[in-house]
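Chains as they are written, first to last, in our numbering: chain A, 0 to 353; chain B, 0 to 353; chain C, 0 to 353; chain D, 0 to 353.
These are calculated hints, taken from the structure and not from any lab test.
Note that the coordinates shown come from a computational prediction; the quantities given were computed from them, not determined experimentally.
Yeah, the Cβ is synthetic: ideal placement off N, Cα and C, and Gly gets one too.
Don't take each hint at face value.
Pair ranges (Cβ atoms, derived) [stated by the list, open to error]: (1) D/T56 to A/T330: 40 to 48 angstroms; (2) A/A63 to B/E151: 46 to 54 angstroms; (3) B/D93 to D/A47: 54 to 62 angstroms.
From the derived model, a few chain A residues whose C-beta atoms are all more than 10 angstroms from chain B [as the list claims (entries may be wrong)]: (4) P49; (5) A60; (6) T61; (7) D93; (8) E178; (9) G215; (10) E222.
Some chain C residues judged to face chain A by a derived CB distance under 8 angstroms, without partners named [as the list claims (entries may be wrong)]: (11) R27; (12) H126; (13) S250.
Chain by chain, the residues run as shown.
Protein chains: 4
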Amino acid sequence: MIVARFRPDVLIDEQSRLAAGWRHRGHRSFRCRVGHRTLVTFPDLAAASPEGERFLTVLRATRAVESVVDSAESPPLGSLAAVGEPTAVQVSEDWTVGGGRFTWIAGPCAVESQAQLTAVAGEVRAHGAQLLRGGAFKPRTSPYAFQGLGQEGLRLLAEASAATGLPVVTEVVDSAQVEAVAEVAQVLQIGARNAQNFALLREVALTGRPVLLKRGFGCTVQEWLHSAEYLLAAGNSQVLLCERGVRTFESATRFTLDISAVSLVKRLSHLPVLVDPSHACGRADLVAPLAAAAAVAGADGVMVDVHQDAHGALCDGQQAITPEEFGALVTRTSRILHSIDPTEPVADHAMAGR
Amino acid sequence: MIVARFRPDVLIDEQSRLAAGWRHRGHRSFRCRVGHRTLVTFPDLAAASPEGERFLTVLRATRAVESVVDSAESPPLGSLAAVGEPTAVQVSEDWTVGGGRFTWIAGPCAVESQAQLTAVAGEVRAHGAQLLRGGAFKPRTSPYAFQGLGQEGLRLLAEASAATGLPVVTEVVDSAQVEAVAEVAQVLQIGARNAQNFALLREVALTGRPVLLKRGFGCTVQEWLHSAEYLLAAGNSQVLLCERGVRTFESATRFTLDISAVSLVKRLSHLPVLVDPSHACGRADLVAPLAAAAAVAGADGVMVDVHQDAHGALCDGQQAITPEEFGALVTRTSRILHSIDPTEPVADHAMAGR
Amino acid sequence: MIVARFRPDVLIDEQSRLAAGWRHRGHRSFRCRVGHRTLVTFPDLAAASPEGERFLTVLRATRAVESVVDSAESPPLGSLAAVGEPTAVQVSEDWTVGGGRFTWIAGPCAVESQAQLTAVAGEVRAHGAQLLRGGAFKPRTSPYAFQGLGQEGLRLLAEASAATGLPVVTEVVDSAQVEAVAEVAQVLQIGARNAQNFALLREVALTGRPVLLKRGFGCTVQEWLHSAEYLLAAGNSQVLLCERGVRTFESATRFTLDISAVSLVKRLSHLPVLVDPSHACGRADLVAPLAAAAAVAGADGVMVDVHQDAHGALCDGQQAITPEEFGALVTRTSRILHSIDPTEPVADHAMAGR
Amino acid sequence: MIVARFRPDVLIDEQSRLAAGWRHRGHRSFRCRVGHRTLVTFPDLAAASPEGERFLTVLRATRAVESVVDSAESPPLGSLAAVGEPTAVQVSEDWTVGGGRFTWIAGPCAVESQAQLTAVAGEVRAHGAQLLRGGAFKPRTSPYAFQGLGQEGLRLLAEASAATGLPVVTEVVDSAQVEAVAEVAQVLQIGARNAQNFALLREVALTGRPVLLKRGFGCTVQEWLHSAEYLLAAGNSQVLLCERGVRTFESATRFTLDISAVSLVKRLSHLPVLVDPSHACGRADLVAPLAAAAAVAGADGVMVDVHQDAHGALCDGQQAITPEEFGALVTRTSRILHSIDPTEPVADHAMAGR
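Using the sequences and the hints, build the whole thing.
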């Protein structure tokens with residue numbers, strides 16, 4: 000699909016005027032602000048068609064347009080080629096995900112009580128986490144399983160956030176709760192089971208808040224990027240992609256972490272990519288090596304389940320690590336990351352023409 | 000999980016009184032009317048625990064209780080063992096899905112126009128369909144793809160239903176539309192991408208309308224049955240299960256139809272099971288053999304994409320068959336079904352003890 | 000790939016002379032006798048290349064050549080388009096697999112003793128089996144599991160075959176045993192774990208005996224057809240394809256029977272296609288419905304594990320049915336098959352141009 | 000399964016005498032020398048059975064026995080618990096795989112010519128490779144694809160090995176070639192398609208040479224470990240496990256690298272674990288990040304396809320990196336590895352009791 004990038008100095012007014020003209024010709028267009036740039040895509044125009052070629056010529060001759068790309072490999076507004084460089088997402092006054100920094104998101108799978116959450120939040124902060132995770136609304140396979148504390152869980156998250164200064168990431172599972180969750184959470188999470196709940200994606204996009212979008216465990220990389228494109232096409236470019244394992248025939252781990260997808264998505268998309276090793280493998284003893292693997296494969300951060308008493312956890316205890324283990328993991332991974340020269344490309348191998 | 004069935008002659012009042020007593024002991028219970036029976040399950044009681052054993056004894060001694068089952072293989076309210084026989088779902092005054100009848104659901108993947116829908120609806124009715132399918136709200140991988148006609152599509156479905164007398168099955172993708180869809184559709188469809196959208200499942204259950212629940216393409220049979228249990232636990236037992244193919248490494252077909260799941264679910268669940276061969280294989284030439292295979296494997300019906308002009312279809316044209324092909328398919332499959340003696344068990348093989 | 004079919008009346012001498020001429024131009028060619036026809040393919044010539052187009056013109060102008068096909072969807076010598084109609088494989092004086100007949104292959108997973116084999120062989124024959132299956136060399140995941148009776152197993156199979164008149168299908172797992180197995184078995188089986196053991200495929204092809212080629216559980220349909228092509232390219236067209244389930248995330252069944260692959264392969268290949276529901280699902284209670292499903296999906300036969308005492312079986316007992324269950328299965332499936340008009344196409348839907 | 004480890008100072012004679020006594024009681028036993036230890040396993044004795052318990056008592060009271068383990072999670076002779084620490088495999092006078100060292104295996108997918116091989120071998124050696132890879136016998140999906148140079152390829156590998164001093168790893172695809180390959184190669188490779196070709200595994204084990212065992216792309220971790228157990232049970236403990244990607248629904252990469260399996264197998268097995276990122280992803284641009292990920296996840300080495308002219312490669316060119324890229328990859332990964340403190344456990348999290 001054809002996607003154009005405006006010059007940084009083009010005013011919103013001029014952008015709107017141009018877009019109106021293009022719309023006038025009958026071409027649908029979708030616009031999205033990405034960092035300090037604006038992208039616009041024309042989904043009905045194929046670069047290969049005669050009409051598309053004519054329109055490409057027009058776009059290239061338009062002074063306000065800085066670059067025009069035919070995004071063949073990836074949805075247009077999320078495409079790295081369209082933006083030209085990776086983007087970062089500001090999640091609080093103090094912290095930006097992406098842009099060369101590595102982010103640690105930690106906390107319990109589910110919020111269980113004030114005591115539990117306050118203690119964990121303090122500990123993960125002390126050990127290096129920049130964001131607090133914790134589920135108030137839990138999507139559970141069985142209707143009889145613990146479904147989360149709901150509104151009370153949100154209240155506890157707000158308290159823990161206030162006490163520690165950590166911004167909160169929490170899942171929203173229903174359009175009806177978007178507003179309530181957005182009052183508490185700096186980042187709204189779309190879980191794997193809702194990765195193609197397009198109605199929820201649109202609703203969440205409209206909050207303007209950063210969104211952490213998990214990959215569906217039955218979804219391809221392309222489908223995941225298309226789900227992100229729903230957010231971008233709705234005008235919200237504050238998107239964090241999160242790989243959390245896919246369904247395969249292997250049963251020794253809960254899911255199979257698709258580490259290749261991390262590197263691949265960094266080549267296709269400008270959005271930050273996180274990894275959730277806890278849900279991917281479902282085993283506490285594999286979280287540390289998988290977190291380190293994610294870091295060197297190019298991930299912008301990691302999200303892990305941390306619980307003081309994994310045996311007593313109400314949800315997914317077997318995959319939670321202790322705060323001390325989290326601390327050791329941060330230390331080890333940080334040392335690894337410092338050994339990598341950030342100016343050195345991970346791979347300068349040109350795939351072009353292959 | 001322990002599940003008890005009330006005697007048919009036990010009054011609602013007595014059921015409520017008993018349930019209140021059980022609740023009083025601190026056990027959660029979920030009740031659901033299934034046909035002319037009432038089931039009640041106690042999710043927190045494991046039959047193997049001392050407390051569970053004591054409670055089992057109490058239940059068995061309760062006059063109002065007809066049978067008590069420990070449903071180990073399958074969620075309790077949907078369990079065949081709990082009900083004792085397959086159930087049927089009344090979708091209109093004239094038609095019941097299940098109960099030994101084979102149901103044909105046919106129509107276009109997406110509603111495109113009045114002309115298209117009226118013509119197809121008349122043709123599939125003439126060729127033997129008992130329900131009309133057609134999407135007004137389409138969940139599409141890309142935000143730029145045709146998303147369905149929405150409200151206008153619902154209006155056209157209502158017209159086509161009135162003209163042909165066929166009840167309508169159509170997908171609901173958002174809680175916000177449940178009411179509008181329920182005004183038009185006799186059966187509300189939950190699509191594969193929303194199979195674990197538990198908020199939507201609860202919302203749809205509350206309409207009391209029959210629900211066609213597609214299996215998520217990344218979901219196991221157990222997860223699918225648990226999604227159905229969300230509907231049952233919310234008091235709605237009018238559930239039609241629909242297998243539509245799962246994700247595998249094979250790319251010659253769009254998905255891989257899990258034909259074993261059809262036979263398996265007929266052994267685990269009392270709910271009717273349908274098959275959608277069109278979405279499963281994504282190829283028009285395989286729809287007929289897969290529909291027949293589904294029928295002899297024990298399915299209670301089949302749902303197929305039918306379009307007069309597959310090349311011009313706005314959605315999934317390559318998998319649509321023509322009305323004439325649909326007619327031939329109904330004729331062939333009906334002849335096969337008549338050859339099967341319904342009194343003869345498909346397999347009387349006891350798995351017990353293996 | 001370009002594949003040419005000789006006219007039936009072209010003598011071997013002329014075929015050889017022409018092939019020599021083509022080879023002279025530097026094009027590799029592979030010849031295979033398929034029924035009363037001879038096919039020859041030129042793997043290095045792409046129909047789309049200028050050289051390929053020139054060569055196509057030459058072939059079409061050659062009097063001895065009846066038809067020329069560019070087999071794009073499927074390997075050339077196994078391609079249905081190249082032969083023009085399905086082929087059949089003669090497995091004994093009395094029986095041919097394919098050609099409109101439905102074949103039942105039954106017997107124990109592993110040969111355990113004379114008493115066991117003699118009894119089962121007699122019973123499955125009485126109930127309608129045309130071939131006896133039974134493993135003498137068993138490929139087992141663990142080196143400590145029962146590996147089959149080996150040579151002694153072959154001797155018992157020869158006895159049972161003599162006593163019942165049933166031809167034998169048995170697996171060969173090593174080039175070193177091909178000769179010994181070929182002395183006893185009318186049909187040599189290549190198991191799923193050796194589906195891409197190309198050295199073994201070549202060795203088995205050279206016996207000239209019919210080969211039953213199971214699909215590898217991690218192999219695509221195309222890879223399976225390419226494995227068959229190894230047999231054909233080595234001059235052996237007596238190939239029976241056998242679908243036996245593939246690896247997926249679903250764990251309720253041992254493997255997932257790919258019923259779509261059966262219909263699909265009947266459209267791509269001229270070879271007979273069988274189905275092994277026992278190994279596919281790993282559960283005795285699903286064998287009957289899956290066998291019937293295979294039959295109406297277009298399979299030319301079914302291969303099932305039968306054992307008098309499934310609990311005591313040394314190998315895969317949980318998937319074996321009893322001789323009586325086998326009899327009921329044959330009766331039921333036969334009635335279904337009789338209801339299908341063989342002159343009526345399963346689907347006349349043209350995929351061309353889609 | 001019960002597995003006993005002899006004290007290091009127990010003489011072979013005494014080991015044999017004890018084993019004979021145990022055999023005398025009717026228990027099968029399998030013995031394998033692992034490093035300077037000897038393990039013996041009794042596959043027919045379950046620790047949970049009364050007979051197994053009695054035998055455990057006997058074993059524990061036997062002076063020559065150092066430790067007895069019930070290997071529940073993993074096949075016994077390959078089990079880490081049985082040996083007590085990871086083992087290493089000596090592949091040449093100068094190099095040992097495992098034991099804390101990281102090994103680089105590099106070279107072309109297929110040997111194509113003397114010029115090609117000599118040049119690549121020299122370059123990968125200069126850039127840090129310790130072993131040379133290169134296929135002489137290539138298992139190809141299609142019978143018409145380039146099948147390798149065969150004997151001529153072996154001769155070229157021998158020359159390149161002599162010229163560079165690098166030991167050679169090359170695949171053996173047929174029992175008939177084992178001897179010829181063993182004359183040239185220091186390490187015999189079993190490819191993914193032969194991972195469950197148990198006849199070939201036994202044949203290769205008997206050479207006594209180190210064996211590189213790739214995981215079958217449709218095989219679980221447990222099946223892979225059981226294949227290795229065939230080698231160990233045949234007396235050969237010189238086994239290198241190699242993860243090379245599994246089949247999943249994701250098609251953006253050729254296979255899906257199962258990075259979790261690397262960490263997991265390091266917890267289950269004492270054998271060194273390698274990773275082949277080239278075949279796993281099938282894309283040159285992902286090789287570098289995946290190699291680094293493998294290293295930090297605990298792999299003992301990496302095996303990569305290197306070719307001077309990837310476009311002109313006769314086999315799998317799109318996944319080959321250039322010698323220069325290989326050099327950069329070695330440098331980057333080495334820096335990462337140096338940042339990891341080898342005395343620090345990757346994870347000290349106890350899974351016990353979960």
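Hints versus structure:
1. D/T56 to A/T330: 40 to 48 angstroms: Taking Cβ atoms as reference, D/T56 and A/T330 lie about 45 angstroms apart, which means the hint holds.
2. A/A63 to B/E151: 46 to 54 angstroms: For A/A63 and B/E151 the Cβ distance comes to about 36 angstroms; the hint is violated.
3. B/D93 to D/A47: 54 to 62 angstroms: Given range 54 to 62 angstroms: holds, Cβ gap about 59 angstroms.
4. P49: Since the minimum Cβ distance to chain B is about 20 angstroms, A/P49 lies beyond 10 angstroms and the statement holds.
5. A60: 25 angstroms, holds
6. T61: The claim stands: A/T61 keeps its Cβ more than 10 angstroms from every Cβ of chain B (closest is about 22 angstroms).
7. D93: For A/D93, whose nearest Cβ neighbour in chain B is about 32 angstroms away, the distance exceeds 10 angstroms, so it holds.
8. E178: Fine: 14 angstroms to the nearest Cβ keeps A/E178 off the interface.
9. G215: 7 angstroms, violated
10. E222: 6 angstroms, violated
11. R27: 26 angstroms, violated
12. H126: 35 angstroms, violated
13. S250: 6 angstroms, holds
Against the hints set out earlier in the document, violations occur for numbers 2, 9, 10, 11, 12.
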